[in-house]
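J.: What follows is each chain in one-letter form.
Protein chains: 2
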Amino acid sequence: MSTLESRIRRKSLLKKVVPVEDTIQYFKNGMNLGWSGFTPAGYPKAIPIALADHVEKNNLQGKLRFNLFIGASVGAETENRWAQLDMIDRRWPYQTGKDIAKGINEGRIRMGDRHLSLFAQDLGYGFYTKDETGKGKIDIAIIEVSAVTEDCGLVLTSSCGVVGEILAIADKIILEVNTGQPSFEGMHDIVMSQDPPHRQPYLISKASDRIGTTYVPCDPDRIIAVVESKHRDKGRAFAEQDDTSEAIAANILDFFAHEVKAGRLPKNLLPLQSGVGSIANAVVGGLAKGPFYNLSVYTEVLQDTMLDLFDSGRLDFASSCSLSLSETPGFPRFFDNMDKYKDKIVLRPLSIANAPEPIRRLGCIAMNTPIEFDIYAHANSTLVGGTRMINGIGGSGDFLRNAYLSIMHTPSARPTKTDPTGITCVVPKAPHIDHTEHDLDVLVTEQGLADLRGLAPKDRAQEIINKCAHPDYKPILQEYFDLAKKTCLAKGIGHEPQLFDRCFKMQMNLAAKGTMKVDNWDI
Amino acid sequence: MSTLESRIRRKSLLKKVVPVEDTIQYFKNGMNLGWSGFTPAGYPKAIPIALADHVEKNNLQGKLRFNLFIGASVGAETENRWAQLDMIDRRWPYQTGKDIAKGINEGRIRMGDRHLSLFAQDLGYGFYTKDETGKGKIDIAIIEVSAVTEDCGLVLTSSCGVVGEILAIADKIILEVNTGQPSFEGMHDIVMSQDPPHRQPYLISKASDRIGTTYVPCDPDRIIAVVESKHRDKGRAFAEQDDTSEAIAANILDFFAHEVKAGRLPKNLLPLQSGVGSIANAVVGGLAKGPFYNLSVYTEVLQDTMLDLFDSGRLDFASSCSLSLSETPGFPRFFDNMDKYKDKIVLRPLSIANAPEPIRRLGCIAMNTPIEFDIYAHANSTLVGGTRMINGIGGSGDFLRNAYLSIMHTPSARPTKTDPTGITCVVPKAPHIDHTEHDLDVLVTEQGLADLRGLAPKDRAQEIINKCAHPDYKPILQEYFDLAKKTCLAKGIGHEPQLFDRCFKMQMNLAAKGTMKVDNWDI
Chain A
166 MSTLESRIRR KSLLKKVVPV EDTIQYFKNG MNLGWSGFTP AGYPKAIPIA
216 LADHVEKNNL QGKLRFNLFI GASVGAETEN RWAQLDMIDR RWPYQTGKDI
266 AKGINEGRIR MGDRHLSLFA QDLGYGFYTK DETGKGKIDI AIIEVSAVTE
316 DCGLVLTSSC GVVGEILAIA DKIILEVNTG QPSFEGMHDI VMSQDPPHRQ
366 PYLISKASDR IGTTYVPCDP DRIIAVVESK HRDKGRAFAE QDDTSEAIAA
416 NILDFFAHEV KAGRLPKNLL PLQSGVGSIA NAVVGGLAKG PFYNLSVYTE
466 VLQDTMLDLF DSGRLDFASS CSLSLSETPG FPRFFDNMDK YKDKIVLRPL
516 SIANAPEPIR RLGCIAMNTP IEFDIYAHAN STLVGGTRMI NGIGGSGDFL
566 RNAYLSIMHT PSARPTKTDP TGITCVVPKA PHIDHTEHDL DVLVTEQGLA
616 DLRGLAPKDR AQEIINKCAH PDYKPILQEY FDLAKKTCLA KGIGHEPQLF
666 DRCFKMQMNL AAKGTMKVDN WDI
Chain B
166 MSTLESRIRR KSLLKKVVPV EDTIQYFKNG MNLGWSGFTP AGYPKAIPIA
216 LADHVEKNNL QGKLRFNLFI GASVGAETEN RWAQLDMIDR RWPYQTGKDI
266 AKGINEGRIR MGDRHLSLFA QDLGYGFYTK DETGKGKIDI AIIEVSAVTE
316 DCGLVLTSSC GVVGEILAIA DKIILEVNTG QPSFEGMHDI VMSQDPPHRQ
366 PYLISKASDR IGTTYVPCDP DRIIAVVESK HRDKGRAFAE QDDTSEAIAA
416 NILDFFAHEV KAGRLPKNLL PLQSGVGSIA NAVVGGLAKG PFYNLSVYTE
466 VLQDTMLDLF DSGRLDFASS CSLSLSETPG FPRFFDNMDK YKDKIVLRPL
516 SIANAPEPIR RLGCIAMNTP IEFDIYAHAN STLVGGTRMI NGIGGSGDFL
566 RNAYLSIMHT PSARPTKTDP TGITCVVPKA PHIDHTEHDL DVLVTEQGLA
616 DLRGLAPKDR AQEIINKCAH PDYKPILQEY FDLAKKTCLA KGIGHEPQLF
666 DRCFKMQMNL AAKGTMKVDN WDI
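For the record, the sequence lines run as chains A and B. If you want our numbering, it's the 1-based position in the first sequence plus 165. If you want our numbering, it's the 1-based position in the second sequence plus 165.
It is worth saying that the hints were derived from the structure and are not from the lab. A couple of the hints might just be wrong.
Claimed, not checked - Under the rule of at most 27 Å between Cα atoms (straight-line distance), these lysine-lysine pairs were calculated in the DSSO-like manner:
hint: 1; chain 1: B; residue 1: K432; chain 2: A; residue 2: K295
hint: 2; chain 1: A; residue 1: K263; chain 2: B; residue 2: K656
hint: 3; chain 1: B; residue 1: K678; chain 2: A; residue 2: K650
hint: 4; chain 1: A; residue 1: K267; chain 2: B; residue 2: K656
hint: 5; chain 1: B; residue 1: K337; chain 2: A; residue 2: K426
hint: 6; chain 1: B; residue 1: K222; chain 2: B; residue 2: K337
hint: 7; chain 1: B; residue 1: K651; chain 2: A; residue 2: K267
hint: 8; chain 1: B; residue 1: K295; chain 2: A; residue 2: K426
hint: 9; chain 1: A; residue 1: K302; chain 2: B; residue 2: K426
hint: 10; chain 1: B; residue 1: K426; chain 2: A; residue 2: K337
hint: 11; chain 1: A; residue 1: K651; chain 2: B; residue 2: K678
hint: 12; chain 1: A; residue 1: K426; chain 2: B; residue 2: K300
hint: 13; chain 1: A; residue 1: K395; chain 2: A; residue 2: K507
hint: 14; chain 1: B; residue 1: K682; chain 2: A; residue 2: K656
hint: 15; chain 1: A; residue 1: K426; chain 2: B; residue 2: K302
hint: 16; chain 1: A; residue 1: K371; chain 2: B; residue 2: K300
hint: 17; chain 1: B; residue 1: K632; chain 2: A; residue 2: K295
hint: 18; chain 1: A; residue 1: K302; chain 2: B; residue 2: K432
hint: 19; chain 1: A; residue 1: K180; chain 2: A; residue 2: K337
hint: 20; chain 1: B; residue 1: K181; chain 2: B; residue 2: K302
hint: 21; chain 1: B; residue 1: K267; chain 2: A; residue 2: K650
hint: 22; chain 1: B; residue 1: K371; chain 2: A; residue 2: K300
hint: 23; chain 1: A; residue 1: K267; chain 2: B; residue 2: K650
hint: 24; chain 1: A; residue 1: K656; chain 2: B; residue 2: K263
hint: 25; chain 1: B; residue 1: K228; chain 2: A; residue 2: K650
hint: 26; chain 1: B; residue 1: K582; chain 2: B; residue 2: K263
hint: 27; chain 1: A; residue 1: K632; chain 2: B; residue 2: K295
hint: 28; chain 1: A; residue 1: K228; chain 2: B; residue 2: K650
Please put together the full structure from these sequences, using the hints given.
T.: Quick look at the structure:
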């Protein structure tokens, strides 16, 4: 028996196995497609690549365009290549890649950016893909699986994403059985959410609680084809720490120690959520050498450093929506030691991993990197300069709004071509706001940590300028804040002083002169 | 036996009953005070009024100042009078009143504005009132009660607020037993939340589910005094509907009918959350005459119109944090018919009423009024002109972020002194953002309803301009949007086009010329 045959335990599906090229006939211009996958993990690869090859070979650029609904971003060889070939009309709710971002910012691709937990449920409700009767409809679902059970349960691979929601509204289903890597069977905990008013509690009281099945139930009659895939996930390369990210991580670890001492955090902290990138890696790296044991993680993405945290003996358990390791060395390291890690990790659907209910109940510590934040603690996570999309809000709002402690961390300044600190990440007013002043507890840069709990806006602004701003910008920000205070308080309109004729002067200075260092605050 | 004696079933407390004046000695400058109450309902009145009289009589203005932590706003005769007498330093997390707003906007009162559900838990965690050891501490709690049980359980009055969280960190407790109105005993459903990692699920699957006790457990040794009060809540006057609010309500009811027809809402809708004010009253008034039966309400404030909805035979049950009726005719009407309403209403602590967990599970329909929203669906709920505090964000974020449908409604324009439509409530960019584009599904004015589900930013902007803007502003907004699109798309930075050198031109025009009707979009 081949590996493929042994993985497809629902034997009636064996007759639906076809070469990947045979699936191309099903895809028509304008269709709504739902893919498995979340961050570059667990997404279909064989069919999207075959479709891209088909478009390229037959000069169908712009003639075979799809609406893509996927848990989050997927590998560049799929969504970014599709963007290059003008194969995407709508893309929900998050993406990664130079060409797809270009398509979005030049107006060719329509991207919807939504809190991931809301995306999951709204997709299932049919809010995004209404057919003529008003019901939600996905034309074709493409799902990567490790295996199919006897009862046609889909055993997923390295992520759960929104597979349940997609299957609920999918007309046709195509499976990619990935035999190029070990099976992930046993690692998933799947709950098929009911819609209100029939939704039931998610009885998760610690990261390791299991409440569902290890597979996603699937209607075999809607499966029109099964293909074999041997492609591995094109995982993100590991983001190296630098001095700045190390300094930020040190500030955060000091803060944790302080909170434990004050009795506001237990000795093993609370379940950690950590975003992606060099600062997140530095924080997890710091924890792997730190004084806290019996840690747990409740998050949406597990990266390579989490394996280090397990290996350090400090991490007991991790719950996530995806296992998003690097192509090398992450995944080979995981597969070589699967027995060691497997029972300590659970992969959950996005609708559970990012649900406010368990995040708030567990009291997560949420840590994410914004593009910038302002002196009153509003953060911009999505649009550079207020208009240019990077990736999307992802799950940052799900975690920051519901955490026990909401932490955002960023370098205090970034370089431009002409000025090593030409961009300040602490601004008078964020040009786009994804997280509000009502949401964030703690802001951190390599300069220091501002604990904003219990501070009113003007006290908050002073604390942020004092603790977080880069020295090059501290006097500039202070001057703005003092001027805004004086002007607004004199008029009796100064709960949160701003000067709307110049609050974006730094941003305009950057566009004109390549630095945010304004000479003065005159209009 | 007097009414007071019969209400105090914990007999050992009878010896702590004192005249209200005798409690003044306990209050010292700089203390943290926690009050019962939520919206002008269930707040202590006798002691706050006596303290105000004491300050006034002895010229102690500015010498006896407190930090006030209360579930939300309370009656003007207490917090607003305290503001007049300069008795407030910090005020968390919401307030109502001309003088308190003046104090906040002139910089004398430090107000913290936080999502109410987060305020409740953070107060209990001790994040706002740390003592020298870092623990949370309320110096004196003042709690209005209907009765005290044999086991020293506090039976609350017309609201639950954050009494549990206050008691958890209060040094001393003073009770006001309100014998001036019937007892509310039996209407409350109290759960004392544990802190993470020990928090348990809130097993509420419909508005009427009860999961707790009818009283708040209280340590009798910390009760230092009990006073009798006969003051009634100074409830909000009823906000009359007008043609505009009727037109907005009609748009919303049409939308509900459309969603039921499309199968996206059940025939009895889903649990309703409705804010306060004339539009909310018009919506509830419309429902009382509408085609939907077996309705339920899961909200934070019940107002007079809810009694009409009960009387119409269309409302089965209402869950709320407070019963915030008008002084007349609301409360007398309620008390005269208490038997009819009592079993159909449950009052919950703020930490449960506004918790994301039940709001999302039940799939509430959230409806709130902002100050304004922008063309990309960011809404300003708190700061007029971006800097001047009105009341606070309240629970709008708790409901809008977690609802099945998030709806915001406002008139399309408001008058200034010189122009009957001098203010547009649809602007290019909101000068302050409390609710983001990632949160809102539907925006409504008397002009029409914009269903934004599944729309990318530029499609969203066109829909909002088409459906919601006032005809006086439609061409002005369209011109801005077209110019911003052209400029940003040409530069490849146009996911969400804005022009930062003029996006607040309407606001500056208003300040200079008394109208937001700008002549042109030149810089």
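J.: Now look at each hint and say whether the structure bears it out.
T.: Taking the hints in turn, this is what the structure says about them:
no. : hint              : verdict
1   : B:K432 <-> A:K295 : 19 Å, holds
2   : A:K263 <-> B:K656 : 15 Å, holds
3   : B:K678 <-> A:K650 : 23 Å, holds
4   : A:K267 <-> B:K656 : 11 Å, holds
5   : B:K337 <-> A:K426 : 26 Å, holds
6   : B:K222 <-> B:K337 : 26 Å, holds
7   : B:K651 <-> A:K267 : 16 Å, holds
8   : B:K295 <-> A:K426 : 13 Å, holds
9   : A:K302 <-> B:K426 : 17 Å, holds
10  : B:K426 <-> A:K337 : 26 Å, holds
11  : A:K651 <-> B:K678 : 23 Å, holds
12  : A:K426 <-> B:K300 : 11 Å, holds
13  : A:K395 <-> A:K507 : 21 Å, holds
14  : B:K682 <-> A:K656 : 23 Å, holds
15  : A:K426 <-> B:K302 : 17 Å, holds
16  : A:K371 <-> B:K300 : 25 Å, holds
17  : B:K632 <-> A:K295 : 20 Å, holds
18  : A:K302 <-> B:K432 : 22 Å, holds
19  : A:K180 <-> A:K337 : 16 Å, holds
20  : B:K181 <-> B:K302 : 23 Å, holds
21  : B:K267 <-> A:K650 : 15 Å, holds
22  : B:K371 <-> A:K300 : 25 Å, holds
23  : A:K267 <-> B:K650 : 15 Å, holds
24  : A:K656 <-> B:K263 : 15 Å, holds
25  : B:K228 <-> A:K650 : 25 Å, holds
26  : B:K582 <-> B:K263 : 20 Å, holds
27  : A:K632 <-> B:K295 : 20 Å, holds
28  : A:K228 <-> B:K650 : 25 Å, holds
Every hint from the earlier list agrees with this structure, and none is contradicted.
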